[in-house]
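Given the coordinates of chain Y, assemble chains V, C and U onto it according to the supplied hints.
The chain contents come next:
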Amino acid sequence: MYRISKEKLNDLYAKINETSGLYIPVKRAGEVNYAVWGEGKEVSLETLKTVKSPKSMFFPQTENMMKFKTDGKNIEVIDVREQFDERRPFVLFGVKACDYKAIEVLDKVFLGDPVDSYYKMRRETTTIVTLACSRPEESCFCKVFDVDATAPQGDVTTWLDAEYLYWQANTEKGEALTALVQELLEEGGETEVATQQAQTKAVIERLPFSNLDLSRFTPENLNALFNEKEWEEMSEACLGCGTCTFVCPTCQCFDIRDFKTNEGVIRYRCWDSCMYSDFTLMAHGNSRTTQMQRFRQRFMHKLVYYPSQYDGTYSCVGCGRCVNKCPQNLNIVKVIKTLGGKNND
Amino acid sequence: MIEETLIPKVGVITDVRKDTPDVKTFRVVGTDGKKLFQHMPGQCAMVSVPGVGECMFSITSSPTNEEYMEFSIKKCGCVTEVIHAMEVGQQITVRGPYGKNFPVEEDFKGKDLLFIAGGIGLAPLRSVINYVRHYRDHYGKVVIVYGARSKDDLVDIEEIQTEWMNEPNIEVYLTIDRPQEGWDGHVGFVPAYVKELGLDPNMTAVLCGPPIMIKFTLAGLLELGFEKSRVYTTLELRMKCGVGKCGRCNVGDKFVCKDGPVFRMTELDELPDEY
Amino acid sequence: MKEVEMKMLERAKALLESGEVARVVAWKKGDFCFDPSPAVFESVEELDTFVYDWFCGANLSKYLIQIAKKEGKTAVFLKPCDTYSFNQLVKEHRIDREKVYVIAVECLAKLDVEKMKAKGVSMIESVEVVDKDVHVKTAYGEETLYKPDVVLTKCETCNKTHQAKDEEIILHERPERDVNRFAEVEKLEAMTEDERFAFWRNQLSKCIRCNACRNVCPACSCVKCVFDNPASGISAKANDDQFEEQLFHIIRAFHVAGRCTDCGECSRVCPQNIPLHLLNRKFIKDIDGLYGEFQAGETTEGKTPLTSFTEGDVEPKDVFNGEAK
Amino acid sequence: MQDVSTEKKEFTPNIVAFCCNWCSYAGADLAGSSRLTYPANVKIIRVPCSCRVNPMFVLKAFQRGADGVILCGCHPGDCHYVTGNYYTRRRMALLYSFLNYMGIEKERTRVEWVSAAEGARFASVMNDFVKQVTELGENKRLTDLRVKEGE
Chain Y
0 MYRISKEKLN DLYAKINETS GLYIPVKRAG EVNYAVWGEG KEVSLETLKT
50 VKSPKSMFFP QTENMMKFKT DGKNIEVIDV REQFDERRPF VLFGVKACDY
100 KAIEVLDKVF LGDPVDSYYK MRRETTTIVT LACSRPEESC FCKVFDVDAT
150 APQGDVTTWL DAEYLYWQAN TEKGEALTAL VQELLEEGGE TEVATQQAQT
200 KAVIERLPFS NLDLSRFTPE NLNALFNEKE WEEMSEACLG CGTCTFVCPT
250 CQCFDIRDFK TNEGVIRYRC WDSCMYSDFT LMAHGNSRTT QMQRFRQRFM
300 HKLVYYPSQY DGTYSCVGCG RCVNKCPQNL NIVKVIKTLG GKNND
Chain V
0 MIEETLIPKV GVITDVRKDT PDVKTFRVVG TDGKKLFQHM PGQCAMVSVP
50 GVGECMFSIT SSPTNEEYME FSIKKCGCVT EVIHAMEVGQ QITVRGPYGK
100 NFPVEEDFKG KDLLFIAGGI GLAPLRSVIN YVRHYRDHYG KVVIVYGARS
150 KDDLVDIEEI QTEWMNEPNI EVYLTIDRPQ EGWDGHVGFV PAYVKELGLD
200 PNMTAVLCGP PIMIKFTLAG LLELGFEKSR VYTTLELRMK CGVGKCGRCN
250 VGDKFVCKDG PVFRMTELDE LPDEY
Chain C
0 MKEVEMKMLE RAKALLESGE VARVVAWKKG DFCFDPSPAV FESVEELDTF
50 VYDWFCGANL SKYLIQIAKK EGKTAVFLKP CDTYSFNQLV KEHRIDREKV
100 YVIAVECLAK LDVEKMKAKG VSMIESVEVV DKDVHVKTAY GEETLYKPDV
150 VLTKCETCNK THQAKDEEII LHERPERDVN RFAEVEKLEA MTEDERFAFW
200 RNQLSKCIRC NACRNVCPAC SCVKCVFDNP ASGISAKAND DQFEEQLFHI
250 IRAFHVAGRC TDCGECSRVC PQNIPLHLLN RKFIKDIDGL YGEFQAGETT
300 EGKTPLTSFT EGDVEPKDVF NGEAK
Chain U
0 MQDVSTEKKE FTPNIVAFCC NWCSYAGADL AGSSRLTYPA NVKIIRVPCS
50 CRVNPMFVLK AFQRGADGVI LCGCHPGDCH YVTGNYYTRR RMALLYSFLN
100 YMGIEKERTR VEWVSAAEGA RFASVMNDFV KQVTELGENK RLTDLRVKEG
150 E
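Protein chains in written order, with numbering that gives the first Met the number 0: chain Y, 0 to 344; chain V, 0 to 274; chain C, 0 to 324; chain U, 0 to 150.
Extracted from the complex, chain Y is given alone in its bound form (with noise of 0.2 angstroms):
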């Protein structure tokens, strides 16, 4: 294990900056999110949860697919994946347990069968450096998903005090990393890490949302659930905006969309909400037309769909961004209290 004192830290950012593109974050107008770092950009690692998660690094909000010039009756469709090549190679920083964890979750989605080049192409040049928490809050329920939020996986995990940041590798792509940094760094922190896990560790067991009960959530269930009462009480003050699908870390649904320039057409991608009451809407008809299915939906993916589809894997991973940031406080915990099963008081 390795260390390198905080104030080192801008020339740990500017060392790596050397070779790669950093992605860490960053405060901006007040908030804190993930953006490309630069010299005089203030860097917040002490910032529990940025209001977008890291997904957007392989998952952008907005992304182009492709372009079509269009002449007369002709179409070409011209791929603009070339670009990636002359990408630089990518540093994300500073990743969450939880977050990690949701990088995990998208994987499964993207790189199944048939692959997302898109996404494949920015996971496979990026190398992560996670971050262990060490002051987690009353919103916070990653232990429910089994996420250790203080031995995050990762290419590199780190761990940060009040003096230092601790460093260890993971992976090859960890090893290559740390190479590249090995004159900032000096050996040690073993001891003050395994303190810093012990305390962190004593906070989790007694956050409020520590102990939640999923034992419902399971395909057989399905009809059950989907048919539940509650959802109608659940849902009643739901604005239907998108806040809760665009900070989560595991949200992925999207919509192609095209962009008449004055050239021709770009095709791009871009983030959908399940809780937009076009998301389903087809010349002809809805599948859902009223909220109360559309959010029994978002929360049915998270906690049954998706586990049915991916052998148990939740797509919830205890961020708690939702839990923070609903404008009118529905969150996906207050789903679990009620329908997860008998021991959530």
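Hints were generated in silico from the structure; no laboratory data involved. Just to be clear, a hint being listed does not mean it is correct.
To be verified - For the chain U half of the interface with chain C, some residues (derived, Cβ under 8 angstroms), not all of them:
hint, residue
1, HIS74
2, GLY76
3, TYR86
4, ARG88
5, ARG89
6, MET101
7, GLU137
8, ARG140
What the hints assert, rightly or not - Pairs of lysine-lysine residues, derived as DSS-like cross-links and limited to a Cα-Cα distance of at most 27 angstroms, are as follows:
hint, chain 1, residue 1, chain 2, residue 2
9, U, LYS42, U, LYS139
10, C, LYS1, C, LYS114
11, Y, LYS200, C, LYS136
12, V, LYS110, Y, LYS72
13, U, LYS130, U, LYS42
14, V, LYS110, V, LYS214
15, V, LYS214, V, LYS194
16, C, LYS316, U, LYS147
17, C, LYS27, Y, LYS336
18, C, LYS68, C, LYS302
19, Y, LYS119, V, LYS99
20, Y, LYS259, V, LYS74
21, V, LYS99, V, LYS74
22, Y, LYS5, C, LYS136
23, C, LYS109, C, LYS205
24, U, LYS139, C, LYS205
25, V, LYS108, V, LYS194
26, C, LYS28, Y, LYS228
27, C, LYS12, C, LYS1
28, Y, LYS119, Y, LYS228
29, U, LYS59, C, LYS316
30, Y, LYS200, Y, LYS14
31, C, LYS316, Y, LYS341
32, C, LYS131, C, LYS118
33, C, LYS114, C, LYS12
34, C, LYS205, Y, LYS26
35, Y, LYS40, C, LYS114
36, Y, LYS333, C, LYS28
Virtual Cβ for every residue (Gly too), placed ideally from N, Cα, C.
For chains V, C and U alone, kept in the frame of chain Y given last:
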């Protein structure tokens, strides 16, 4: 560069046929004049007009047709409206094939088959029917019941009358909703007609048409003694990607684009009622 | 606040029991002491979860568009600022006034839990407010915050009074204050064009286009929003370009101009804390300055500044920083 | 392909002029038939009344590459539909003030009243506006970069 299913191929429209006042059938080949890709009956493809949008359509032509693909498209939204205005020579983009096909090589083999279609619902069935006709000796008796609002709304009526109706061992029953001048065939809704015909419940049935027709026809079939496990239908929901990733065409834990559009009635029974 | 809550609960019970109303729109308890949600109560039993506390900042009037259409009368608890939105919706024929029973409730400003957390308190267990002190009990100990520092932005400069009521539950009158709600707008006006552009660029670049501001806004009551309508040519699910970040907020602000009551919900719900109310307040300030003071939602009748005119109105070219040259 | 010449290309702005059918559009006609010149980069869009122009039109013009947008209607009091331009006046006063509040240069937007008889005025207004926008330079603040892709 690795393959990307979301990037379409360019196709050229080589023939446009006006079937009914609001349905046209488009024949499409690749820019090299060859068929764009192979498919199985019941599978779909994403057809797009750049700058307007992309939509999922079932491939109407039979896989046994080695020269081209056909799409029967009903005018009902912004993309289909633009497509309807297209002429021969116009290029469009196509990607696919997507979805599960009818089990023509498995469950259908050796069985007597009953096809029931309403309106544009014939589009996906035409592909299977022609496939079955091509491999005629692999299957038993074929009965086709097809209905539409009026005689002008019967899709592919020419092919039905000149080819299907003249083949031995294929029974075709046509019906229209209301009496019409120049029509001496059966008049009445499909569900009622199916019950009237007193069909053999040991046949394997395939239903396709508007949801309301499917609902009542299915009830009729069950009354006649058909088993749900031998009744198939297709679903249609909003789709964007076609490969189970964009997240909108699901019914419960199944994606219509990937796990459908062909569903056995017993499968549908296990899914929540949201389609 | 506890006393007010008890009185409200009593009234809700009585109204439901007597059958005077079919339902009560209010707030229900969350998992913590700071996350109540709007709720519809249809029976006395359901009132078990009823709550009215320092965190009931949500404006309930927009819910009435749908709820008041149901059979029977609907009772609703409205804070002073909410009544303006209510009146505006009545004026726009979105709510049938006859079908709603308005109970005006006191509001001594609501707290913003995000602001409290930014002050370093986490793991909040309970909150008590005594005058201007907010006593917070947390898992780590007790802390006292200065209330004006942690109230919702919309409450900071609020001087609103109830504009609609069938009855009231007010135990403490909020004192009239000397506040200038346009101070922030004036600050921006005093900047150079370049500075203003940089300010808004910085803010709007955070926008994730979640539509929370639109969906919560009582003035955004269109059945189908132009941004959701593919036929409009500008529908979009995401901001694919800097232009779209601006377009959405410009059009939205303009569309609610003259109808926006300055309820401040847009800024309250923004997950990126973009000061969206400063967009709407610019219109309010300009309208006040150019066409005479106007407060949307004060009445349920009359024309709005953008649906009326005078022959001597100022020429567009003579307008500078919201004032006629 | 990079332009090898070092000579700076002169900037000619794209101007969109929304003109009321009953006055300014005829004014433009008169300017033309009187052989008065105004720059060819003014693209005129005929509208039934200046009041037809909603803020979206103005923003879309900017999105699609306009460097300046001018709205021409009948003189207040002379509206073909009696009161249309009075509403326009309020609307545009507020919109332009608001755009400026967001940091969009005030000189990129204008409202002028030009009657059917004022051909000369139409030409001079356009000349003046084009000059003003040319001095300001390209619109970079309220434009969609995607539109110009490939140019």
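Results of checking the hints against the structure:
no., hint, verdict
1, HIS74, "violated, 11 angstroms"
2, GLY76, "holds, 7 angstroms"
3, TYR86, "holds, 6 angstroms"
4, ARG88, "holds, 5 angstroms"
5, ARG89, "holds, 6 angstroms"
6, MET101, "holds, 5 angstroms"
7, GLU137, "violated, 14 angstroms"
8, ARG140, "holds, 6 angstroms"
9, U:LYS42 <-> U:LYS139, "holds, 19 angstroms"
10, C:LYS1 <-> C:LYS114, "holds, 23 angstroms"
11, Y:LYS200 <-> C:LYS136, "holds, 22 angstroms"
12, V:LYS110 <-> Y:LYS72, "violated, 45 angstroms"
13, U:LYS130 <-> U:LYS42, "holds, 15 angstroms"
14, V:LYS110 <-> V:LYS214, "holds, 24 angstroms"
15, V:LYS214 <-> V:LYS194, "holds, 14 angstroms"
16, C:LYS316 <-> U:LYS147, "violated, 30 angstroms"
17, C:LYS27 <-> Y:LYS336, "holds, 15 angstroms"
18, C:LYS68 <-> C:LYS302, "holds, 25 angstroms"
19, Y:LYS119 <-> V:LYS99, "holds, 25 angstroms"
20, Y:LYS259 <-> V:LYS74, "holds, 23 angstroms"
21, V:LYS99 <-> V:LYS74, "holds, 25 angstroms"
22, Y:LYS5 <-> C:LYS136, "violated, 32 angstroms"
23, C:LYS109 <-> C:LYS205, "holds, 25 angstroms"
24, U:LYS139 <-> C:LYS205, "holds, 19 angstroms"
25, V:LYS108 <-> V:LYS194, "holds, 25 angstroms"
26, C:LYS28 <-> Y:LYS228, "holds, 20 angstroms"
27, C:LYS12 <-> C:LYS1, "holds, 16 angstroms"
28, Y:LYS119 <-> Y:LYS228, "violated, 41 angstroms"
29, U:LYS59 <-> C:LYS316, "holds, 21 angstroms"
30, Y:LYS200 <-> Y:LYS14, "violated, 33 angstroms"
31, C:LYS316 <-> Y:LYS341, "violated, 68 angstroms"
32, C:LYS131 <-> C:LYS118, "holds, 16 angstroms"
33, C:LYS114 <-> C:LYS12, "violated, 34 angstroms"
34, C:LYS205 <-> Y:LYS26, "holds, 11 angstroms"
35, Y:LYS40 <-> C:LYS114, "holds, 23 angstroms"
36, Y:LYS333 <-> C:LYS28, "holds, 11 angstroms"
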